Amino acid sequence: MSLGEGMSAVADILTLSHVQKAFGSKHVLQDVDFSIPQGSIFGFVGENGAGKTTTMKLILGLEKADAGVITVGGQPVHFGATKTNRITGYLPDVPAFYGYMTPVEYLDLCARITGISQRQRRIAEMLDLVQLKADKHRIRGFSRGMKQRLGIAQALLNRPQLLICDEPTSALDPAGRNEFLELLASLRGQTTVLFSTHILSDVERISDRVGILHDGRLQACDTLANLHQQFGRPQIKLTLPDAQTAQRCGQVLRPLPAQVQANQVTVPYQEAYETTAQQVLRALVTAGITPIALQQQSATLEQIFLEVIGNGHTTNHA
Amino acid sequence: MATLPTMLKKELLETWRTYRFLILAVVVLIFALMSPLIAKLTPDIMKMSFGKTLQLAIPKPTSIDSWTQFYKNMTQMGIFVVAILFGGTMSQELSRGTLVNLVTKGLPRWVVAVSKYISLVVQWSVALTASFLVTWGYTAYYFPDAKTPYIWQGFVPLLLFGFFFLAVILFGSTLANNSYGGLLFTILVVGGLYLVNLFKAAQNYNPISLIGNNMALVQGHKTLGELGPGIAIAIGAGLVLLAGTVILLNRKKL
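Taken in order, these protein sequences are the chains called A and B. Sequential numbering from -11 applies to the first sequence in this note's numbering. Sequential numbering from 25 applies to the second sequence in this note's numbering.
Among the hints, a few may not be true.
Quick list of the computed label-pair ranges, beta carbon to beta carbon [unchecked claim]:
1) 131/A with 42/B: 34 to 44 Å
2) 260/B with 69/A: 40 to 50 Å
3) 259/B with 37/A: 20 to 30 Å
4) 54/A with 53/B: 20 to 30 Å
Which bits of chain B does chain A cover? Going by a derived footprint, with three or more residues having C-beta under 8 Å, they are [said to hold, decoys possible]:
5) 33 to 43
6) 128 to 138
Calculated directly from the structure, the hints in this document are not laboratory data. Just so you know, these numbers come straight off a predicted model, no measurement behind them. Even glycine gets a Cβ: it sits at the ideal position worked out from N, Cα and C.
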């Protein structure tokens, strides 16, 4: 597998070269190697404990890599006090604030640390963006969603060149999630975004590039189109009148790798669509089964993810 | 360096809004009001308690009794309250993850440690000075004698011991993962210093000497110069502990 195919000529804002990290005897990251072009949106996916948060903390200098080099904006990242943080913004999965402060006071503290000019104007812009009021309410009374929105405001406050978000939509309601994704998408071209999530449809919706981390290794890293081409097997989706018929359909389609779910049967294929479709239809006519609908589909990111991490076959078999 | 005043302002706002300074001020002002009053009322209390069964003549209280009461309260209960109030000053930030947003914005970690230490020193200095002045006023009112002529000489070593003690608290709070761990470290250090004090040769160099000779200084039986080695060790150890706090914090995972 070749990583990093489809790279554009645009300079890379972030580069990880042969990064390794272990906690005791557990190897969390092994030879992780990827780069993100400036202005792109990079979706970082992986199972729980795959090492996504550790990778982000290494980029931010919050953890020390055992081996390898990380550069942000061409400058190497150092553990503890890294100058590269001046051009990054970070939204942790559970952002922690000083509960005794108001949002304005907190953003003012962040603005003074980053040394941005026209603080009050920028703070007002950010509060407006995340729809929080500039009133006297202290942060300790905020809901988790409100804290997440304040986290977004502080992450974007210094107009970062690289924005790192760790599962940013996990605490948001559907409307908030939609708004946040639109906000991230609107940053395309100006700010490079690296975000991790379990919600693969979010990645599919806004990402230019996707990295799939599994067992501490980056198993795939490319544009969505290239991942589809490389790992995504197209499929034929049949809708049957009921679940019982769908089960019978799954049996008559053998040896094709049909997957039965409720009243639907999915048949992935590698040959030409016509060849497989004719094979399916012939089997159905012989068995006297009439489907309600037949569709040709491309693989979802979830299927690509499962394929990449090696679960593809076990899931696709009926 | 430019972020130091910003973080100091944040620390002072925190101690004000979380009522830590208020609690400290109230406690030490209670000591300040109680010390002369207890000295004044002790003979009456004893008379009321024992009546005519007490054959001993109770001496008339003086300013010495008032200041003795003050230094006893401050060096025992006072520093204990300080340790409890400020034991979580760094460990709470580390366990809650509140420094993550600030450090990832480029805030140098040494600024966090130094601003916290300055904030603690300011609070201790203000609270102790206020308490001292109130005690002075009440003592002068109740006991207008000349038996305690060097009151500032007693005050200065206690103030300096506080600076050393706060450095111990901050280091312990950075070393430990919770407030109790920091408190335990502080108790162990102070306990160790009291053990060292058992050796007569070490007494003059022990920072503990700064809180053991206050009355001798106030009455003029000793001079500040005689406590010089202890003062130098306390200041030196305080600076080493502050540097140690910065080194520890630089190595901490946030």
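Confirm or reject the claim that residue 131/A and residue 42/B have a C-beta distance inside 34 to 44 Å.
Violated, at about 22 Å.
20 to 30 Å was suggested as the range; check whether the CB atoms of residue 259/B and residue 37/A agree with it.
Hint violated: Cβ distance 48 Å, outside 20 to 30 Å.
Is the gap between the beta carbons of residue 260/B and residue 69/A within 40 to 50 Å?
This hint is violated: roughly 26 Å between Cβ atoms.
Establish whether the coverage given for the segment 33 to 43 of chain B by chain A is satisfied; the threshold is a Cβ-Cβ distance below 8 Å, and no fewer than three residues must meet it.
Since 5 is at least three, the answer is holds.
Coverage of the segment 128 to 138 of chain B by chain A, judged on three or more residues with CB within 8 Å:
Per the Cβ count (6), the hint holds.
Range hint 20 to 30 Å: satisfied by the CB atoms of residue 54/A and residue 53/B?
Cβ of residue 54/A to Cβ of residue 53/B: about 54 Å, so the range 20 to 30 Å is violated.
The structure fails to meet hints 1, 2, 3 and 4 from the earlier list, while all remaining hints are met.
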